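**Q** The residues making up each chain are set out below.
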Amino acid sequence: MLQHDLTPQLSVIVPVGERYADLREIFDEYKTGLTAAGMTWEMIFVLDGPHAECEAKLKQLAACGERITVVGLTRSFGESTALMAGFEQSRAEFIATLPAYHQIDGNEINTLVVGLSSADLCVGRRWPRRETWSSGLRRVAFHRLAAWVTGMPLRDLGCSARVMRRRVLEEIALYGDQHRFLALLADRQGFRVREIDLRQSPKDNFKGGYRVREYAHRVLDIFTVFFLVRFTKKPLRFFGMVGVSTFVIGLILVLIMTGQRLIFHQPLADRPALLLSSLLMVLGLQVFALGLLGELIIFTHAKNLKDYQVERIIEFETFPTPGGGGSSSGLQIGSLVDSAQPDS
Amino acid sequence: MLEDPRLSIIVPFFNEEESIRPLYAAIVAAISQLQVTFEMVFVDDGSADGTVRIATELARSDSRVRVVKFRRNYGQTPAMAAGIEHARGEILVTMDGDLQNDPADIGLFLEKMNEGFDIVVGWRHDRKDKLISRKIPSRIANRLIGKVTGVPIMDNGCSLKAYRAALIKEIPLYSEMHRFIPAMASIAGPRIAEIKVRHHARQFGKSKYGLSRVYRVLLDLMVIKTVTSFTARPLLWFSLLSMPLLFLGTAALVYTLVSSEPISLPVAGSGVVLMASAFIMVSAGAFGELVYKLGDMRDYHFSRLTQRVSGPHSASQTRNS
Chain A
1 MLQHDLTPQL SVIVPVGERY ADLREIFDEY KTGLTAAGMT WEMIFVLDGP
51 HAECEAKLKQ LAACGERITV VGLTRSFGES TALMAGFEQS RAEFIATLPA
101 YHQIDGNEIN TLVVGLSSAD LCVGRRWPRR ETWSSGLRRV AFHRLAAWVT
151 GMPLRDLGCS ARVMRRRVLE EIALYGDQHR FLALLADRQG FRVREIDLRQ
201 SPKDNFKGGY RVREYAHRVL DIFTVFFLVR FTKKPLRFFG MVGVSTFVIG
251 LILVLIMTGQ RLIFHQPLAD RPALLLSSLL MVLGLQVFAL GLLGELIIFT
301 HAKNLKDYQV ERIIEFETFP TPGGGGSSSG LQIGSLVDSA QPDS
Chain B
1001 MLEDPRLSII VPFFNEEESI RPLYAAIVAA ISQLQVTFEM VFVDDGSADG
1051 TVRIATELAR SDSRVRVVKF RRNYGQTPAM AAGIEHARGE ILVTMDGDLQ
1101 NDPADIGLFL EKMNEGFDIV VGWRHDRKDK LISRKIPSRI ANRLIGKVTG
1151 VPIMDNGCSL KAYRAALIKE IPLYSEMHRF IPAMASIAGP RIAEIKVRHH
1201 ARQFGKSKYG LSRVYRVLLD LMVIKTVTSF TARPLLWFSL LSMPLLFLGT
1251 AALVYTLVSS EPISLPVAGS GVVLMASAFI MVSAGAFGEL VYKLGDMRDY
1301 HFSRLTQRVS GPHSASQTRN S
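Residue numbers (the numbering used here), protein chains in the order written: chain A, 1 to 344; chain B, 1001 to 1321.
Hint data in this document are derived by calculation from the structure and do not stem from the laboratory. Honestly, I wouldn't trust all of these hints.
Within a straight-line C-alpha distance of at most 25 Å, the following computed BS3-like cross-link-like pairs (lysine-lysine) qualify [what the hints assert, rightly or not]:
| hint | chain 1 | residue 1 | chain 2 | residue 2 |
| --- | --- | --- | --- | --- |
| 1 | B | 1293 | A | 303 |
| 2 | A | 306 | B | 1225 |
| 3 | A | 303 | B | 1225 |
| 4 | B | 1225 | B | 1128 |
| 5 | A | 233 | A | 303 |
All values reported here derive from a predicted model rather than from experimental measurement.
The whole structure should be built from the sequences, with the hints applied where relevant.
**A** Next up, the structure:
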């Protein structure tokens, strides 16, 4: 089973971005956890931008004979791109992503991996949580909003600890800030997603929640994702709705004013509402036109955009036997999805 | 490998565990009289009940049954599209999984296809559904669809349809287009026939559709119109849309300039706004030209699907390439 030894069972991707802890410490913690999980593994560090200090530390680790791969990106591309760069180097059937700072207890990796037996993607949720009541309140409010907009009740979008089957990342090419919403995107692709409670690392020292600007970014992200998952296949549903309602409001205003002009002889000239209404009508048309353009884009690329994911094709080819009763001796030729389970 | 069958019956199922066996039996009984080789493609649209289990049993006992299982529920159009993609026959027949269509009608479809039609659609002329919530809206929708798309079909909603595989496999189907497949296929200019079919009242389960579709159907219709008749000429289409704006705007501005009265703010303002928006619409059309150019839809791909070539070199390559 030489081949088996060469290809690890789990590839761990650690993107190193703006926020990172002592990588040696991190590595040791994860290593302990991974060893406890009893899998063969490899670890891939992706340096998102020039982190000379981190690079030096990783070189030391490699010199000590640790099995790590380091991918250095020339500038900061963002965590999603870093993850994809790491994924490209990975070889294992199961992929884990872990933060380069203390978030979860390293020993909890096993809990995540075990969760894969009934899911394609397991995302961590730090629970119970140590936090002040105000940041807790903000966190809950934010996640409620996210759940309401996206229709998927995830409770810790900030947790970067995830474990997944390889084909999840093969099908979902992340970009921008989408890594936060991997669970949502995977769910839309028809993967089974589980959120698993993990013990928070005692060193998770991120204080005071996010600043306002951060929250604004996150909320915009939510709407981006919402648009991506709900309307990419039917832009006119969205633009059409906005466009038609804007147009109708404008039209009603115009009709009211025309009525007032004709019946009550109220002069139109000094009514700003006239400009407003014509602007609304025109805006409605424009938005509608945008939707049509979107549909045009979808249509011209429809061959490359698949709407659905086939889990498997079930077919049996029976070779007729002379007795005529050979229907039960079927030979399965369907491409059944692998049922590989992690060691647990 | 067995040879590819001539006929593929495509049936999407969504939570139809009671219907699937009777339907299977009815299909087999109906087609065994026709003397054609056939297969059944059952598409499971993420059913939560025993549909997959029963379908798998059927597939195990009858090699003509293949089951395409979705990861989750995607809806009727993707189910049809997947069935069409995985079917191997030359002629594809689609039908509903709820026993409302009668497989005994398939013979009629086959006859029509043999006459040289590319698409044969069923017409539930004696429909067994609720009048107010189903039949009347559907009648209005069908008239409208016929008017707008120029494919006058009495009953777009009937799932029982037959297609030439070489044609339908090239037609993009997405979102909720299954109601508009003949209209969508009109980009290839197919020969379409319509025949009356039987329709049964629903035996098991509940109908999965309601009145809320009206708004979506209207928008989809707009989309179909845009993509089928104007894909190759977006500039023209958007220019047409901007015509009223342009006309009104010009009229308002001309009136302002020519009129001897003092300049009227509402008229002049509206004129400028209308002209500007017409200009933006035309720009959108120009943008559409760019989109079309970068995409991979070309009219000649579709014309090739239905063309008939005659001449000394035409050989047999008239259809399937």
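**Q** Hint by hint, say whether it matches the structure.
**A** Hints, verified against the model:
1. B:1293 with A:303: holds, 15 Å
2. A:306 with B:1225: holds, 22 Å
3. A:303 with B:1225: holds, 19 Å
4. B:1225 with B:1128: Violated, at roughly 30 Å.
5. A:233 with A:303: Holds, at roughly 12 Å.
This entry does not satisfy hint 4, going by the numbered hints stated previously; all others are met.
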